Amino acid sequence: MAIEALGDLGQGLRRLGGAVTGGIAWLGYAARFMVAIIWHSPAAFRRLHLTLREIYFSGVLSLVIILTSGLFVGMVLSLQGYEVLVRYGADEQLGILVALSLVKELGPVLAGLLFASRAGSAITAEIGLMKATEQLSAMEMMAVDPIARVVAPRFWAGVISMPLLAALFSALGIFGAYLIGVRILGVDAGAFWGQMQAGVKVWPDVSNGIIKSLVFGTAVSLIAVLDGYDAKPTAEGVSSATTRTVVVSSLAILALDFVLTVFMFRGIGS
Amino acid sequence: MPVATTAASHAALSPTRRLDPAAAAIELVDVHFAYDTREILKGITMSVPRGKIVAIMGASGSGKTTILRLIGGQLKPASGEVLVGGQSVPDLEPDALYALRRRCGMLFQFGALFTDMSVFENIAFPMREHTELPEEIIRDLVLMKLHAVGLRGAAQLMPSELSGGMGRRVALARAIALDPMLVMYDEPFAGLDPISLGIVGQLIRRLNDALGITSVVVTHDVYESLKMVDQLYFVSEGTIVASGTPEEVRASTDPYVRQFVDGAPDGPVAFHYPAPSYRDSLFADVDA
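The listed protein sequences correspond, in order, to chains A and B.
For the first sequence, my numbering assigns the number 485 to the initial residue and increments by one for each residue that follows.
For the second sequence, my numbering assigns the number 243 to the initial residue and increments by one for each residue that follows.
So here's chain B without its partners, still in its complex pose:
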């Protein structure tokens, strides 16, 4: 089955053929977003099924992280719907938005660990903020979360003492501290060595399945994503240009998907930033 591309993907995910709301953890319908006059998203429509891992891939600046920020309610779309668990995120009052966020976790690109707190304190932070649990229970829960990511022995280290991969795993433990229904990952593999990258990828899959959560992964890493996700969306210039399962993506002949999967320097995503012709630039003085 070929990967859904451009118009086809839009047809497959058009509002009339959206997933059953009970089955979709997240739905974006014809979402537009702009920073001032710079249009970032131009009609994004996508669904994330409950309990699945969905990757959003695309070149830098294509609007992937913006999608995560819209889902988390940190940004509001210019138009379109952003639904999480059936709730329209842009329409939520601050209290309701914070209540929703308590059921979500997010792993930031470089972990975003609180640098003035130890690893233990970082993971205990959301528990202390949102629960009245006694310290003994918090201690046990933190150690369980750290054990799940293989860093129980690093509980007393400070973030500055962690390697990049360890930091990302601590951030992952913090993201699942309150047993969320949804976890969002912003470039979880960026800057990691192959071993750490494999560990983080495996942890995302394992935690997703063990805890029954839904995961959205924004990443550039095609190889790792194809190993662990259930579905991929390709974003380019603010639109979804292709989507499908890992098998469909591997078999795809779509030029954009091929360029991304093969890492080709030129193709639908041009090597050169838009500019006047080379000749005109070089001989501008002579011609004048």
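Same shape as in the complex, but just chain A:
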């Protein structure tokens, strides 16, 4: 009995050790992949049309979902915020509440999650399918590095698009809040905009949002291109890589948001 228990414990420890070393190996691989992307980035930027094309696919084609979501999130935030603020006679603070919530937190996080679902999954599926159909091998055999030609433009397109999408998400959210708060619930327009103008600072408020969205954009783009490049060249492999991109990106955004918020919060306090 005791020997069996020891055996189970040993197996459990072995599995745990395997998972830890596997995780460390994956992090090392991801870091090397990131270095390779940066190394090949000058080549990608020399042919700017490649990156611009990917910005169109990742950024411009994500606009509908980002703008629509931003508008509705802003409207809901306005309704919920108004209900609480009006109890304390502070409904004129609605503008600053909505703006700070969106610019510092909801804009980057929700835009990041939507970006991971729409653009991240598309990038993984595209690169994975290129691998499965030997297009990446064909490129290698034509003496064209797929990291420079395929991966780097998609990575940088994500990094560039994400802050812009987050900014648009926040802008539409504020507009949505204005429609509900001012036009429907009757909050004074001057107070709504004035409080927002006085309360929202470029540094640290807006800059925190920009930093967050840049970090999220980098994380999502890296996960998306890495999963695609590393996908098993089968239908099932591409499918599971695409799912993994959405799950891992979403978790990474939430975890990074917490870490960044802790650092930024401390920064304000000190």
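FYI, nobody ran anything at the bench for these hints, they're computed from the structure.
Hints should not be assumed to be uniformly reliable.
Cut-off 25 Å, straight-line C-alpha distance, at most; resulting in silico cross-link-like pairs (DMTMM-like, lysine to aspartate or glutamate) [what the hints assert, rightly or not]:
1. B:Lys-294 / B:Glu-281
2. B:Lys-294 / B:Asp-451
3. B:Lys-318 / A:Glu-576
4. B:Lys-294 / B:Glu-377
5. A:Lys-716 / B:Asp-421
6. B:Lys-318 / B:Asp-333
7. A:Lys-685 / A:Glu-576
8. B:Lys-284 / B:Asp-522
9. B:Lys-318 / A:Asp-629
10. A:Lys-716 / A:Glu-618
11. A:Lys-716 / B:Asp-278
12. A:Lys-716 / B:Glu-323
13. B:Lys-284 / B:Glu-323
14. B:Lys-294 / B:Asp-508
15. B:Lys-318 / B:Glu-479
16. B:Lys-318 / B:Asp-358
17. B:Lys-294 / B:Glu-490
18. B:Lys-318 / A:Asp-714
19. B:Lys-294 / B:Asp-522
20. B:Lys-318 / A:Glu-618
21. B:Lys-469 / B:Asp-435
Here are the in silico distance ranges between beta carbons for each label pair [unchecked claim]:
22. B:Met-359 / A:Asp-672: 53 to 61 Å
23. A:Ala-719 / B:Asp-522: 45 to 53 Å
24. B:Asp-435 / A:Thr-727: 34 to 42 Å
25. A:Ala-527 / B:Asp-508: 48 to 56 Å
26. A:Thr-727 / B:Met-400: 24 to 32 Å
27. B:Asp-508 / A:Ala-719: 55 to 63 Å
Note that the structure is a prediction, hence the values are computed from the model and not measured.
We put the CB at the ideal spot given by N, CA and C, even for glycine.
Position chain B relative to chain A; hints supplied.
Chain B alone, transformed into the frame defined by chain A:
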């Protein structure tokens, strides 16, 4: 003259009797390769003469495509030499390897055309990547390559609009876009109807002779290969079991070659995957 088989083929192609390096475009000498612990190639020795078409034949999983990937430098052998144009491919630095690849073309099993580009753009791709030619010259060159494979009229189609045979011909045009010294074909006949198959086979022969290139064709198609190649190598379980000219292969009495040429379901390449005896498998529960 009988086809060289097993030990005889090794003797004929042993390092001491290799082709004159000036005459050999490709040489593999005692090449071993394994994926982790699974040994794929177990001492492959072969030469491909300049300007000739050589077919590598064998059952699925015998290591044929691995040989192409070793020649192209996508894989490195565990031991042995892989020489292309006198250069040791595994020892090349990335820049030198890419320089070598610029002088090689490869046709993949299902074409591997870039699906987001038109036929024209696919063929222009290597020219745009590796040359500074003006667009007018690139346009003319692309149309010439497409004309050579009979698809000038399909220049503006997308790969999804092409039939299997057309896709393979476009991929062939792309493989010769930079006028390579060597073209490798990975299963160029797979999944083609008899007409397309005949066209692709004829194109490989014609382009090889017209452009003075060397061709390596990995294929299962014995009938088509015997019509167009200069020499054949038979690979089984990671070793070369036979080699010879098409005439020698036709006349061969070697059991492996006969099974392959005649398409016999059983022979040296067994019908059954290795397993315990049939009786033991069926009555395992009863015996227990």
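Comparing the hints with the structure gives:
Using a Cα cut-off of 25 Å, the hinted pair B:Lys-294 and B:Glu-281 is violated, with the two alpha carbons roughly 30 Å apart. For the hint pairing B:Lys-294 with B:Asp-451, the CA-to-CA distance comes to about 8 Å; that is within 25 Å, so the pair holds. Using a Cα cut-off of 25 Å, the hinted pair B:Lys-318 and A:Glu-576 is violated, with the two alpha carbons roughly 70 Å apart. Proximity of B:Lys-294 to B:Glu-377 is assessed by CA-CA distance (about 33 Å); at most 25 Å being required, the pair is judged violated.
With a C-alpha separation of about 33 Å, the suggested pairing of A:Lys-716 with B:Asp-421 is violated against the 25 Å cut-off. A distance of roughly 9 Å separates the Cα atoms of B:Lys-318 and B:Asp-333; the hinted pair therefore holds under the 25 Å criterion. Pair hint A:Lys-685 plus A:Glu-576 holds up; C-alpha atoms about 18 Å apart against a cutoff of 25 Å. Restraint check for B:Lys-284 and B:Asp-522: not satisfied, since their Cα atoms lie roughly 32 Å apart, outside the 25 Å limit.
Of the pairs offered as hints, the one joining B:Lys-318 and A:Asp-629 holds, with about 18 Å between alpha carbons and a cut-off of 25 Å not exceeded. Between A:Lys-716 and A:Glu-618 the alpha-carbon distance is near 12 Å, which keeps this suggested pair within the 25 Å criterion. For the hint pairing A:Lys-716 with B:Asp-278, the CA-to-CA distance comes to about 17 Å; that is within 25 Å, so the pair holds. For the hint pairing A:Lys-716 with B:Glu-323, the CA-to-CA distance comes to about 30 Å; that exceeds 25 Å, so the pair is violated.
Taken as a hint, the B:Lys-284 and B:Glu-323 pair is honoured in the structure, with Cα atoms around 13 Å apart against an allowance of 25 Å. Between B:Lys-294 and B:Asp-508 the alpha-carbon distance is near 32 Å, which puts this suggested pair outside the 25 Å criterion. Using a Cα cut-off of 25 Å, the hinted pair B:Lys-318 and B:Glu-479 holds, with the two alpha carbons roughly 19 Å apart. Distance check on the hinted pair: B:Lys-318 and B:Asp-358 sit about 31 Å apart at the alpha-carbon level, beyond 25 Å; violated.
The hinted pair formed by B:Lys-294 and B:Glu-490 meets the criterion: a straight-line CA distance of about 17 Å does not exceed 25 Å. Simply put, B:Lys-318 and A:Asp-714 have alpha-carbon atoms about 20 Å apart, close enough for the 25 Å limit, and the pair holds. Pair hint B:Lys-294 plus B:Asp-522 does not hold up; C-alpha atoms about 51 Å apart against a cutoff of 25 Å. Between B:Lys-318 and A:Glu-618, the direct Cα distance comes to roughly 19 Å. Compliance with the 25 Å bound is thereby established for this hinted pair.
A threshold of 25 Å between alpha carbons decides the hint, and for B:Lys-469 with B:Asp-435 the separation of about 17 Å falls inside it, so the pair holds. Under the hint 53 to 61 Å, the C-beta atoms of B:Met-359 and A:Asp-672, about 57 Å apart, fit the expected range. Checked against the given bound of 45 to 53 Å, the beta carbons of A:Ala-719 and B:Asp-522, roughly 36 Å apart, lie outside it. Against the hinted window of 34 to 42 Å, the Cβ-Cβ separation of B:Asp-435 and A:Thr-727 comes to about 37 Å, which satisfies the hint.
At about 54 Å, the CB distance of A:Ala-527 to B:Asp-508 agrees with the hint of 48 to 56 Å. Range check, A:Thr-727 to B:Met-400: Cβ separation about 28 Å, and the 24 to 32 Å hint holds. Checking the proposed 55 to 63 Å range against B:Asp-508 and A:Ala-719 shows it is violated: the Cβ atoms sit about 33 Å from each other.
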